[in-house]
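Assemble the complex: chain L is given as a structure, and chain R must be docked to it using the hints.
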Amino acid sequence: MATLKINGTVYELDIEPDMPLLWALRDELGLTGTKFGCGIGNCGACTVHVNGAPVRSCSTPVNAVEGQEVTTIEGLSQPAPGTAAATPALSAVQQAWIDHQVPQCGYCQSGMIMAVSALLANNPSPSDAEIDSSITNICRCGAYTRIKRAIHALASA
Amino acid sequence: MKINRRRFLLASAVAGGGLLIGYAATRPSKHRRANDTLASGSERYLTSFLKIDANNQITIYVPHAEMGQGIHTSLAMMAADELDANWEQVTIEQAPAIDLFANGELVKGFAGELGLPGFLTGLVNFSAVTVAQIMNLQITGGSSSVRFTGEGGMRPAGAAARQMLIQCAADSWGVPASECSTALSQVHHNSSGRSLAYGELASAAAELEPPADVSLKNPDQFTLMGRPLPRRDIPAKVDGSALYGIDAHSDDMLYAAIRLAPVFGTRLVSVDPGEALNQRGVLRIVELEDSVAVVADNFWRAKRALAMVGARFEASEYDDTSSDSLYAHFDEQLASDDGSKDFETGDVNSALAAADDTVEAGYRVPYLAHAAMEPMNCTVHFRPDGKLDLWTSTQDALGIKGRVASVADVPIDDVNFHHVYLGGGFGRRLPFTWNVIDHATLIAKEFAVPVKTVFSREDDMQQDYYRPAVASNFRAAFDAQGNVTAWHNRFTGPIQVPGAAHIPYAIPNQSIRVVDVDTHVPIASWRSVDHSQQTFFIESFIDELAHRAGKNPYQMRMELLRDHPRHQHVLEVAANAAGFGKNLPEGRALGLAIQESFGSVVAEVAEVSLDENFRPRVHKVTCAIDCGRTINPDTVEAQVESGIVFGLTAALYGEITVEKGRVAEGNFPDYEMVRLATTPEIQVHVVESGEALGGLGEPATPPITAAVTNALYVLTGQRVRQLPLKNHDFSQGTPVARV
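Residue numbers (the numbering used here), protein chains in the order written: chain L, -13 to 143; chain R, 475 to 1213.
What the hints contain is simulated information worked out from the structure, not anything from laboratory work.
Glycine included, each C-beta is placed from N, C-alpha and C at the ideal position.
Don't take every hint at face value.
Said to hold, decoys possible - Listed next, with one range per pair, are the computed distances between beta-carbon atoms:
| id | chain 1 | residue 1 | chain 2 | residue 2 | range |
| --- | --- | --- | --- | --- | --- |
| 1 | L | T(-11) | R | G739 | 45 to 51 Å |
| 2 | L | S111 | R | V745 | 56 to 62 Å |
| 3 | L | Q81 | R | G1164 | 32 to 38 Å |
| 4 | L | S111 | R | A980 | 49 to 55 Å |
| 5 | R | L762 | L | T(-5) | 37 to 43 Å |
| 6 | R | A809 | L | A139 | 31 to 37 Å |
| 7 | R | D888 | L | V(-4) | 41 to 47 Å |
| 8 | L | A50 | R | Q1196 | 40 to 46 Å |
| 9 | L | A139 | R | A710 | 53 to 59 Å |
| 10 | R | R754 | L | V(-4) | 51 to 57 Å |
If we strip away everything but chain L, and leave its shape as in the complex, we get (with noise of 0.2 Å):
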């Protein structure tokens, strides 16, 4: 049995304590925003959050995330006050992403858009050599050169 804590909604899952968060998420909750893309922790397509750090739910065991606040891209957004909760508005980085026309095939982007959600919680104003350093996930479309740009806008906005 894992207690998990996921965008504000605890679950009571009867399931193995090293099976990974990600498995857990998709097959479990059917939360399918969380992608799989290598299994090891390399590609960054899995990225969510745990307490706000980022962290690549494929390689992280559900007992070790287990009583903490997990954030996926489903409760990025957070409903705008005084609407109803079917619509939240859009985080500042999920908007970015809409005006530099960011994602391709988008596969990647829910984990670049939660490590990037991350970065920029923890440093407003990356250089980029922390951006580099920090961004490390795969996209197979190459969208970096605009993802690079959104997070600048965002760094000065």
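Same frame as chain L, but now just chain R:
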């Protein structure tokens, strides 16, 4: 611009790794079938491609897969522009995977007149596919969607609809159609000030016979095409709501992890289940001809249990095959066989015999995997009513549907295909690369609930259909004045896209021949297909010739491109923008390359240095592209950026190695990718020549490798003739004096 109906039906021959489209959108029988198939409520179909409902809502059906190239938006823009639709009231839908939207009608149309396109002919030859099978494909590939579906289908469809709406309005007002105009989904009669919304006219318009001839706009009349409109698929891709094949989900879903025969083409002999069946959530071990799978109630459980299964595969004559043995085989074949003609002109042998100087060089590239971010997967549900539900990311919805139907042995109409986004395609999700599809179908057949079969990253990399490894040998001759008089090229085939090895350079004597080699490694289209390797070969060797002749590589290319003004212009734009020939900071060099592919001409200039460990570092890529005209300029830039990063990844790191008959690389650490830190600044210059529309998904990929290696030659004096660059040691290099 006038397009006649017959031309409209036939205008879709394809150069490349995919194909066509151009449905018989305004042909009466198709028109009626569209009505039968798609109409509902107050909606009336005007053509196969779009509908207008009474509320003025316009839906445009796009018969191509969205895999990041922005095709849904671009194609809808083309139809909406000709229709003079209000873009805010346009929705885009994926066309259903039914034969109405197949490519086959078109294939039939031009097959009689022009013969089958090379791409299809190649498929027919190498995988025993019949022409009848090809008729039921719905392919996205060959950088063809805008060029053929857009120009031959979407625009005429929109224009035809507009003509019909005008006719209805004119009839109802009792005025000549020529006095009417359209804008923002309305028909206006200017002199009387009357207007009617398209939605009010749609029902009456649907009763008209679609026109046989339609007039298309001139570019100066465009209202949407040429504008950088936001892509409609992007919002769902920033909040996790976009669904890919791998996201198919239901509470009763089962998951399969699979181990395929590691040596291609071998069969499963025996299975030792070990403790697998005793593991939590594991339901069954499924043995297939070439693989064994574990089915469980969670993919991780399936994968973990699969690791406990022992599987023996038959011995194979390829058990000792390695990349080295394959390359040795290529060299033997090239040495012993003069192959078959690809292109020849003049008399190469005489020119070589009379040469003042000759140059020889041998080039080689390795196999490459596609490595789309979404690992290959397929979900099939054999429903109690005998029908099937199918979810998979594919570049050919209809073809996949047909394949699953044949593997499952059910009528194709009993397969319900659910459209999903693709987490990358790059050729891996084209037809005839069926491995995960067949396996998923056979596994799911044993269950009454949906079963999702997922390749691990290792499966995805080791069970791909690869960009072929290719060897290419060159000889060239100079006369006493330093003119290149002969171009002699022998390379290993098969040719997948004709023309990629042809050169635009004015060399009087050419002999380009292909020697087909047969290996057990499965091959398929990989972004830009043959152009990815041939451009590296050609643009490197021409650079060698320039240096040998003591000429500036840019100047020599410009001279030899004298018969191709479009190439000259593109090269000039790129070279000028990059400052080719100007002084650079110490330790940096520029290299350039050019190639025409899929109807677009692309030149790239790479600015390169070596880092403190003597590894190549690409700082900046300046690209000029002539794709005729742009539909969505922002998408053009994005595709060029993407193509360059894709090609650069292959140049720097890309190598699939065969050892003991199987693929050695397993995951990204072995098959590295360009990441944010290694991405160069990319500058894109679009040349609007007004020529026929060129493709965009692929043409930016081919030139980047030679642009980088040509710069490395200037930096180090080392000529790179084999890829990838990670295998080269540049620590001993000496810069080459600039010419």
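Verification of the hints:
For L:T(-11) paired with R:G739, a C-beta distance near 49 Å keeps the hint of 45 to 51 Å intact. For L:S111 paired with R:V745, a C-beta distance near 57 Å keeps the hint of 56 to 62 Å intact. Look at L:Q81 against R:G1164: about 37 Å separates their beta carbons, and that is inside 32 to 38 Å. Evaluation of the 49 to 55 Å hint for L:S111 and R:A980 yields a pass: the beta carbon distance comes to about 54 Å.
A beta carbon spacing of about 40 Å between R:L762 and L:T(-5) agrees with the range 37 to 43 Å that was offered as a hint. For the hinted restraint 31 to 37 Å between R:A809 and L:A139, the CB-CB distance of approximately 57 Å leaves it violated. The beta-carbon spacing between R:D888 and L:V(-4), approximately 43 Å, falls within the hinted interval of 41 to 47 Å. Range check, L:A50 to R:Q1196: about 44 Å between beta-carbon atoms, so the 40 to 46 Å window is met.
Between L:A139 and R:A710 the CB atoms are about 21 Å apart, so this pair departs from the stated range of 53 to 59 Å. In this structure, R:R754 and L:V(-4) break the distance hint of 51 to 57 Å, their C-beta atoms being roughly 23 Å apart.
The earlier numbered hints that this structure contradicts are 6, 9 and 10.
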